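Number of protein chains: 2
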Amino acid sequence: MRSMIIIIDGLGDRPVKELGNKTPLQKANTPNLDKMAENGINGIMDSIAPGIRPGSDTAHIAILGYDPYTVYTGRGPFEASGVGLDIKAGDVAFRCNFSTVDDNYIVTDRRAGRIKEDTTPLINELNKMKIEGYEDIEIIFKESTGHRAALILRGENLSDEITDADPKVVEKAPKTVHSTTNSPNAEKTADLLNKIIKESYTILRNHPINLNRIKNNEAPANIIIPRGVGLVPEIEELNKKYEIKSACIAETGLIIGIARFAGMDIIGVEGSTGSVDTNLDNFIDTIIDNVKNTDYDFFLINIKGADESGHDGNAKEKVEFIEKIDEVVFSKISQLQDMITVVTADHSTPITVKDHSADPVPILVYGKGVRVDDVKRFNEIDAVKGGLLRIKGSDLMNILMDLIDNTHKFGA
Amino acid sequence: MRSMIIIIDGLGDRPVKELGNKTPLQKANTPNLDKMAENGINGIMDSIAPGIRPGSDTAHIAILGYDPYTVYTGRGPFEASGVGLDIKAGDVAFRCNFSTVDDNYIVTDRRAGRIKEDTTPLINELNKMKIEGYEDIEIIFKESTGHRAALILRGENLSDEITDADPKVVEKAPKTVHSTTNSPNAEKTADLLNKIIKESYTILRNHPINLNRIKNNEAPANIIIPRGVGLVPEIEELNKKYEIKSACIAETGLIIGIARFAGMDIIGVEGSTGSVDTNLDNFIDTIIDNVKNTDYDFFLINIKGADESGHDGNAKEKVEFIEKIDEVVFSKISQLQDMITVVTADHSTPITVKDHSADPVPILVYGKGVRVDDVKRFNEIDAVKGGLLRIKGSDLMNILMDLIDNTHKFGA
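As they're listed, the protein sequences go chains C and Z. Note that this note's numbering numbers the first sequence so that position 326 is 311, with each residue one more than the last. Note that this note's numbering numbers the second sequence so that position 358 is 343, with each residue one more than the last.
So that you can see chain C by itself, here it is in the shape it has in the complex (with noise of 0.2 Å):
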């Protein structure tokens, strides 16, 4: 037997006056959805704890059994891993924006006039800096897509103890980084960011690819702006923590970076935009594909559209995603043979709310051996009744692992 979570990010919600007073999830059209409900066992689910507004990566932390608490120290950690970065544990970690700042020092785009061009060689000239007084401490910077980067600082005494340089709005300079405690180390790592942000001024003022945009009357992409600053934590690898060979299909860069840091295998979709405009044809293949074709015995899927639409507050494009997926994804999904699926969301993202709440998600475990329960449809109402009652993020992966039948016996 093997294993999967299917995450539909942000599904959860609340009774919406437009939609009759039904959620998302009840309105839409999800004959897929309800037979697994139907054939399977279902709750609700808080995935932290009851009344905790969760985030996606803290969510997503929490199930795959790992405590948040102790775990999301910021989101820094998370971002340098998704774009790549092999973050450790003790590295102060960073997500950053390619900025722009005029001759006065004072930022004038945040995002610097959302850069197209590939910031690779901007990254190499600045990965090639050194700071005076500094030079024991690894400096490690990494693009990811437009303006967006990570950085991460790696030596000796260093701490997240500091405050953010990204002042949040324009016509201000960057912010001086302090110490947030009176330790030595998180003073020097203050000390050290504030330098790294000079010097990046330095370094890009005068690169070709800038001098090349404000030629063109863009935005040159001319300082590195850090914040989400997060130590790095020790976790045990999540193959070690569940004897299992694992890997993540994700779509946002934050999900694949908790996953990386996990330990797990990272596939790439083709044609994912982490939108409700996603390639789901590629997306189920994938799944499919490595289903039948590798000997993963645990998946992490994360599909992102019905979030994005929870977030605009749009009930009907959040509707007709959902609808989308039950007949792409889960047609297929509930085919599979020698599989306990998990259907659940990390959150729920109500139209009427546009941000995540705290309100349980409904959750849905499918496949042989499950105590089927009489709940017919896979919604946040009818999940109540369901023979898992309510559970904790934390506990999924225990529950999953005893299902395909890979747990110790606690005791004789």
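It is worth saying that the hints were derived from the structure and are not from the lab. Remember, predicted model here, so these are calculated numbers, not experimental data. Careful, some of the hints might be misleading.
One copy or two, either will do: identical chains are not told apart, so a pair holds if it fits within one copy or between any two.
[To be verified] In silico DSS-like links for lysine-lysine, alpha-carbon gap of 27 Å or less:
no., residue 1, residue 2
1, 153, 226
2, 200, 226
3, 225, 394
4, 353, 339
5, 101, 20
6, 101, 173
7, 361, 2
8, 2, 317
9, 370, 7
10, 370, 73
11, 101, 7
Knowing the structure of chain C, use the given hints to seat chain Z on it.
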């Protein structure tokens, strides 16, 4: 959106034979609560944890989101706070009785003949007390109703690891207080308390009020006997913890004490007795008035009577009081706009037990945005089928704050 938790104290119950094996809440005719259940989301709640039999105090502490195992050090601090003393972290607090001892220092009446006079003149004398060797410790008494009073000791190196002075029965001397550990602080506090008790007799025995009582053949209030010791813990104020402006409307000193200690504003109700004969019209008028004319965004409300009927084992009275609050209070509560209302209990006080039990209590959450389930009646049995399933008291504030969109996302 604003929010409100209404605690019907001791509401939960077990099946009662004389009610046809229904609980009092099942038996009661409660059209307004049922309407709220029908249009809300329902469930059951363990105020502390399954099988843990709560006090009203520990249950309210948990429901407000504090850990009762850390915060509840004894009844003293909350009684002291309830009578209006501004307790501070580190204070050692007691509830006290004015009692009567004879010339041989033997207690002849633990409640000083249930003294009706205002005891403020006695308290004023007690507050002049100086104990040799303890000049650095503030000794602060405050009167309450009847024979009741409170005491706090404020200063360095005090401890609550000491025994009670209350002999619990008459014809015995007040107990000598001992330290329960061999910490010097506990030994010091025990010694101080023994001297305070003795000194109270010296101060009170010939007080004009007592000489007058003796003349009238009434038991003099000639000694003060402290009990329920607790070290006042450090807690974060409720308003800060949840970023709200909060108020409490309650009938008993203990609940008011908890609310005051949590930094909530206290709103009094004229004619409130804490019993089934309380003035419910004034009670609901006070609620409605404060909802309309103040900017509190969270109310904690406690109605006491049903608990008393439970303690008395009076099923008929409990049913009638529930029907009365449904008619007088919930007919109006159910009409409130822009309000998320929680109706629940702090604990069960079953008729058959005549004391608190650990049976979970029914809970309903009513207002805009909740996932309405198909529960149609508010009682212990129907509630189990609701969408909340089974939650803990410590989850409630988080769930409620999420519903009024007043939380911070954990992660991104």
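Structure-inconsistent hints, enumerated in ascending order: 2, 5, 6, 10, 11
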